[in-house]
Amino acid sequence: MARPLWSGSLSFGLVTVPVALIAAVRDRDLHFHQLHAPDNAPIEIRRVCSQEDREVPFEEITRAYEMPDGRLITVSDEELEAVEPRRTRTIEIERFVELAEVDPLLFDHPYFLVPSGEDDGSLRAYRLLAEVMAGTERVALGRLVMRAREHLALVRAREGALSLTTLRFPDEVRPGDDVAGARHRAHQPTAEQLDATVAIIEALTGDWDPDSLHDRYRARLKRVVSRKRDGETVTPPHRGKAPEPAEDLMAALEATLADLRAPSQQ
Amino acid sequence: VPRSIFNGTITVGLAVVPIKVHSAVEDRSVHFHQVHAPDEGQIVQRRVCTAQDIEVPYEEIVMGYAVGADEYVVLTKDEIAAAAGAHSHLIEIEQFVPAAEIDPVFYERGYYLSAGDGGEAPYRLLHDALARCDRVGLARWVFHNREYLVAVRVHGELLVLQTMRFADELVAVDSLGLPEPSRAPSDREIEMAGRLVDALQGPFEPSGLTDTYRDRLMGLIEAKARGEAPDLPEAPDEPAELDLAAALEASLGRGAKR
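Line by line, the protein sequences are chains H and S. Quick note, the first sequence lines up with residues 339 to 604 if you use the working numbering. Quick note, the second sequence lines up with residues 4 to 261 if you use the working numbering.
Calculated from the structure, these hints are not laboratory results. Hints are not guaranteed to be accurate.
DEER-style ranges, computed between Cβ atoms [claimed, not checked]:
1. S/Ser185 with H/Glu404: 45 to 55 Å
2. S/Thr213 with H/Glu585: 46 to 56 Å
3. S/Arg135 with H/Glu382: 37 to 47 Å
4. S/Ile193 with H/Glu456: 51 to 61 Å
Just so you have them, the derived chain S footprint on chain H, three or more residues with Cβ under 8 Å [said to hold, decoys possible]:
5. 380-387
6. 407-417
7. 441-455
8. 488-500
Computed, partial: chain S to chain H, Cβ under 7 Å [stated by the list, open to error]:
9. Ser32
10. Val38
11. Asp42
12. Tyr68
13. Val76
14. Ala84
15. Arg135
16. Glu172
17. Pro184
18. Ala196
19. Leu212
20. Ile224
21. Pro233
No experiment lies behind these values; they were computed from the predicted model shown. Note that the Cβ used here is the ideal one computed from N, Cα and C, for glycine as well.
Chain H extracted, bound-state conformation (with noise of 0.2 Å):
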């Protein structure tokens, strides 16, 4: 099992449950080395100090906050720790929510929690925690204090093992307000276009099947460094030009259903 990132405990009333924070995400990006061009030697990261410009160690460097008169002021692990000591260690449920009503625009990262600790009540807990979330759409909210920030976190059940979803808080999402959306009265479609776009949305509609969509960057690009290995030359594709707004829109979604509706030239 992958390294915890956070260990503490998630609490629900009372109850209290030893967890480990573990990545839900894995890295599935092509990595590369920086190299010096001239000799394709490996490039090195170093940090310097620019006061002594020399490298140092990486327990010699701590954070500081810089203020607005550009004094910086240190931060040591424990002073962070002391800013909100119960949400450094603990998740309390706060609440119950439906999942629908959360906006996707909020989920940041997710991972999963699973049980660190060792004790039968607590391994219950847990299993508790997961069955009465399975199955329901209703979701936990807590708060979560990880790497000097506070995480807004969603924790539900997935696939038989609790979830935790950090959430950014609603002031980090931009009010939509002043993005020139739909709104325009001028704009409203025609019922005729309407019943048009929903009849080619239905066409083109299936399930969602996330085992179907590859990452077709990752596959070209090592398709691109086989190429190189091969000493074959790489040129960028050419790029195409966009295509114009239809200057008759009923037109065009017409056109479009007869091509759906058409029997398949294969």
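Fit chain S to the given chain H structure using the hints.
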């Protein structure tokens, strides 16, 4: 209006919707610098060539894919960009899915969409049609030389573009090796837990959810700037073994007295 970070075109069949992409989320947590503890000198990161032991400017850096010890396939940044794909300004919706089928674990970063030049009518049409049948469009989006899977969905009066994770990036529950209790929760424990959940059930109210930590952390920093020493917490007690039924009962009792 937040500046647009991308101009492009969404297509559904032959219907063309010029759009602009705007960032929707911003990080508001407190940021720190790295400093060298003894002299509070700021830490700077330097790229150093390991062969010549000299600092190297960004322009002289190429990317190497390791294929053996000290053996790399060398790619320029342009060659890596070649993998991004051709239609860089085109977001073609190829498929729609019922919105409720998508597990939110797949949602990554969200962006607002606005109508591009001449795009107001088709934007509104796509918005209203998606809202009417509660569907989400799936497409590919090339942004900063990388292709993303994106969902185009309704968000109030707007369309939102949200990058999606791929299924093979998600960690399988099986790999966690979850320990099982020696006996399953009893009916009584399940019933009590259900009542406790009911007691704590409420609407999702974003306005009440503020980052209190941010303010407290700034309070501590400002106190230190004035030369005050912060109070440090005591070490926590080791948690005792849990008597689950008793804790549930006590929680319900506490709730009833409120």
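Inset, instruction - Report holds or violated for chain S covering the region 488-500 of chain H, Cβ cut-off 8 Å, minimum 3 residues. - result: holds (count 6)
Inset, instruction - Kindly confirm whether 37 to 47 Å is satisfied by the beta carbon distance between S/Arg135 and H/Glu382. - result: With Cβ atoms ~57 Å apart, the hint is violated.
Legend entry - Cβ separation of S/Ile193 and H/Glu456, checked against the hinted range 51 to 61 Å: violated (23 Å)
Inset, instruction - Go check the region 380-387 of chain H versus chain S for me, would you? Three or more residues, Cβ under 8 Å, otherwise it fails. - result: holds (count 8)
Legend entry - Whether the CB-CB distance between S/Ser185 and H/Glu404 falls inside 45 to 55 Å: For S/Ser185 and H/Glu404 the Cβ distance comes to about 54 Å; the hint holds.
Legend entry - Hint validity - S/Ser32 Cβ closer than 7 Å to any chain H Cβ: Status holds, d = 4 Å.
Inset, instruction - Using Cβ atoms only, decide whether S/Leu212 comes closer than 7 Å to chain H, and label the hint accordingly. - result: holds (6 Å)
Inset, instruction - Mind checking the CB of S/Asp42 against every CB in chain H and telling me if the closest is under 7 Å? - result: S/Asp42 check passes; min Cβ-Cβ to chain H is 5 Å, inside 7 Å.
Inset, instruction - With chain H as the partner, please determine if S/Ala84 meets the hint condition of a C-beta pair closer than 7 Å. - result: holds (6 Å)
Legend entry - chain H contact restraint for S/Pro233 - C-beta distance below 7 Å: Since the shortest Cβ distance to chain H is 5 Å, the answer is holds.
Legend entry - Interface hint for S/Val76, Cβ within 7 Å of any Cβ on chain H: holds (5 Å)
Legend entry - Within 8 Å of chain S (C-beta), three or more residues of the region 407-417 of chain H: Three-residue rule met by the region 407-417 of chain H, so holds; n is 7.
The structure is inconsistent with the numbered hints 3 and 4, although it conforms to all the rest.
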